[in-house]
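S.K.: Model the full assembly from the supplied sequences, consistent with the hints where possible.
Residue numbers (mature numbering (1 follows the signal peptide of the UniProt record, and there is no 0)): -19 to -1, 1 to 781.
One or more hints might be untrue.
Calculated cross-link-like contacts (lysine to any residue; reagent style SDA-like; alpha-carbon spacing at most 20 Å) [said to hold, decoys possible]:
1. K581 x E110
2. K355 x Y285
3. K481 x W514
4. K364 x T395
5. K128 x A637
6. K290 x F350
7. K7 x E114
8. K581 x I50
9. K273 x P770
10. K292 x G419
11. K741 x P713
12. K7 x Q353
13. K522 x T567
Everything labelled a hint here was simulated from the structure, so no lab data went into it.
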Amino acid sequence: MKYFSLLFLTLFFQLAVFAQQATTIKGRVTSSDGKPAQYVTVSLENTGTTTNRDGNYDFKKINPGTYLIKVSAIGIQSAEKSVTIEAGQTQTVDFTLSESNETLQEVIVTAIENRYKVSLPSASLRLNEPLLEAPQNIQTISNQVLKDQQIISLSDGLIRNVSGAVRAEHWGDMYTNITMRGSQLQALRNGFNFVASYWGPLTEDMSFVDHVEFVKGPAGFMIGNGDPSGLYNVVTKKPTGFNRSEVTATVGSFDLYRIALDTDHKVTKDGKLLFRFNGATQNKGSFRPHEKNDRYTFAPSLSYQITDKTKFTAEYAWQKAVMTEVGSFYVFSPDGYATLPRDFTMTQPGVEPTTINDHSVFLNVQHSFNDQWKATAQVAYSKYLQTGASSWPSSVFADGTLIRNIGVWDAESTMKLAQFFVNGEVKTGAVQHRILAGFDGGRKNYIADWGQSHDLDLLTDPFDIYNPDYGTPPNGYPDFDRDTPLEERAIAAGGLMDSKYISLYLQDELGFFDNVLRLTLAGRYSYVSQSAWGGSPDKAKRFTPRVGLSVSLDKNTAIYAVYDEAFIPQTGLLRSGETANPITGTNYELGIKRDWFEGKWNTTLSAYRIRKRNELTADPLNAAGENFSIIIGEKRAQGIEFDLRGQLAKGFELIANYAFTDGKVTEVADGVTSMTVGDVVPGFAKHTSNAWLSYALQRGKLKGTGISGGFTYLVDRAINNFNPEQPEQNLPNYFKLDGGLFWENSNLRVTANVFNILDKYLYTGAYYTNYWNAPDYNQAIYSWQAEPPRNFRLSVTYKF
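M.R.: Shown next as structure tokens:
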């Protein structure tokens, strides 16, 4: 510890000496009509930066001398100014471009969308600073990546673009359920936690999604309660202030037919009232028979510039899904993984599909008091309606026969959410302060009927996985009671989930030595009340601190460290009579970030350790009629993550990432028999690596023609009952190769990709030693979900 303290003091002293000698050049770039010029490039000799949302830029730690500053962007007239600066001096150099804000928006937004690298967080992440300076590992999947990879829903291969993200077991395209750093990520949309049930929100259709942000580890500036692994934030498309439209038609294997429309317009000549509409219709089959996944999306949005300082934005999104019953992806066999044909299914034709109608509304008001302070108030409302079923075997047998069961799954959820936060900058002496203060509150209610079920097969006539018969089921089709109101059925079935929360957050990022060293001190106070399965509510009040440190080694390099906490309320009766404490999660993390070649691409390397404590399990000493719980002990997830994204050379874009993840039980309380120290925590791959490359010709007759490709490689996938001594029970390593061609000009783009080029039998799954639905509760069974064989997609986009 003393060596660490000595090293820190030495670094602190060197920074102080350097800061006294360093100089700064800063300024603001505006358009011809006086509005901020966002995201334009500002160059200074061998370095460069981009302006932020307010048009501001700065160069720090500049040696004394005379410099030529150049402001440029694709499609605009560049501007230059010369400046002479002395040691310890700060010079302000402002620019006014000859283009109007309307013209500037068109060329800048186009340039931004053609890049894989994003330098700033969305406004919904609340961090009013470049990602390079934030003491957190944040990765953004840009809209151009979504287009290049032909991602049409959130569960459609998106996670390949961020290190350490996997989907272990899931419900097809209904819920995404992303796991990272040892537990499930919280799902946010436009900064709101959109998780109403354990499974998460309906997987978003990409037609109305602009980009997706992954925040790794606890993020006290967003939420305080939830798993400490992190979150992802889906940022929806909003009006941009210029006129453009595009329509995309996609066809593909397994009867995929899809059309998406994106139209963006000024409603008034002065540009104060803007409108955007995104919509899509999709019919999609499957490589398995009797399956479908049809989608319909309708998402209008508008914004109104009330004054020069106040803006109002309203969004509505309706998603309709008509799909095969939930659980149809799962297959079971006593013989091992992939022992059945890849297109094998237990789904019975004739079972009614599951229909979902998902409605959401967002209202947002932003007000800038001045260049340093702004306030944001926003509310969200969601209504989710589901009528359908889930499939799962009620019995399995060693001879490969089973009893298929269809259970009702009708559900309804309502969410009412509100946020208010303030961002500001102020100086006290030589210390710069970035202030974030906010309030979050909400109420979520989820009700579901899963209390009715029906066996399709009979013990005297079971379903044979080796000789499947998809004729009329021996026991007939289900006829569920839907005349009784859903709420009454949900109460009887215990299908009730309810939560309400309120929290306050305050953060001060103190910048020392001309903001070279940044110390974040923050805390969130949260009150949460939540209940599940019809039980009494779990209530918790907790303060969660956050401490971060970020140091800029130079203009393009920053190192950071962060400590943050999260918690999860829980109910349990302890034998001592004490109230159960919430599950707590703490994250310790170190990392280094760097922008390369004037910010064209960047890398992030981080190491973390997350500890979860106070989780409860049933007390093994319980006598008949007793329901006491005991604390398990501690679970730990730790690892190393690396991400690279951006433009390595003109026309050459790359995303590459790697993650090492290790999740284990590290402490077990006396009396706990359900686990032992060293047990693997399921839901991750020890080694995860991904890459995606895209190259487009820049000149000649074939200009705009390109090739792209990528892979996903997963090693040592951890599952329930992971057993290193019996590898046949564990999932094998996973390798998937994709690739394609594209061509584009200013108005037209054609994209063709082939997925799973090697035509490997790919799957996720688990091995159960004591399958709970077996007649003797002692049947070992393999369960898995196969992925599609080699398949293709062809998209044509026309811009007008």
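S.K.: Give a verdict on every hint.
M.R.: Verification of the hints:
1. Our distance criterion of 20 Å between C-alpha atoms is met by K581 and E110, whose separation comes to about 18 Å.
2. In summary, the hint linking K355 to Y285 is supported, as the alpha carbons are separated by about 17 Å, within the 20 Å threshold.
3. For the hint linking K481 to W514, the alpha-carbon distance of about 16 Å falls within 20 Å, and the restraint holds.
4. For the hint pairing K364 with T395, the CA-to-CA distance comes to about 5 Å; that is within 20 Å, so the pair holds.
5. With a C-alpha separation of about 17 Å, the suggested pair K128 and A637 falls inside the 20 Å cut-off, and the hint holds.
6. Of the pairs offered as hints, the one joining K290 and F350 holds, with about 7 Å between alpha carbons and a cut-off of 20 Å not exceeded.
7. A distance of roughly 17 Å separates the Cα atoms of K7 and E114; the hinted pair therefore holds under the 20 Å criterion.
8. Taking the CA atoms of K581 and I50, the gap is near 19 Å; set against the 20 Å cutoff, the hint holds.
9. This hinted pair checks out: K273 and P770 have alpha carbons roughly 16 Å apart, not beyond 20 Å.
10. For a cut-off of 20 Å, the pair hint linking K292 to G419 stands: about 19 Å separates their Cα positions.
11. This hinted pair checks out: K741 and P713 have alpha carbons roughly 12 Å apart, not beyond 20 Å.
12. As the CA atoms of K7 and Q353 are separated by approximately 15 Å, the hinted pair is consistent with the 20 Å bound.
13. Straight-line distance between C-alpha atoms of K522 and T567 comes to about 17 Å, which keeps the hinted pair within the 20 Å bound.
Violated hints are absent here; each numbered hint is respected by the structure.
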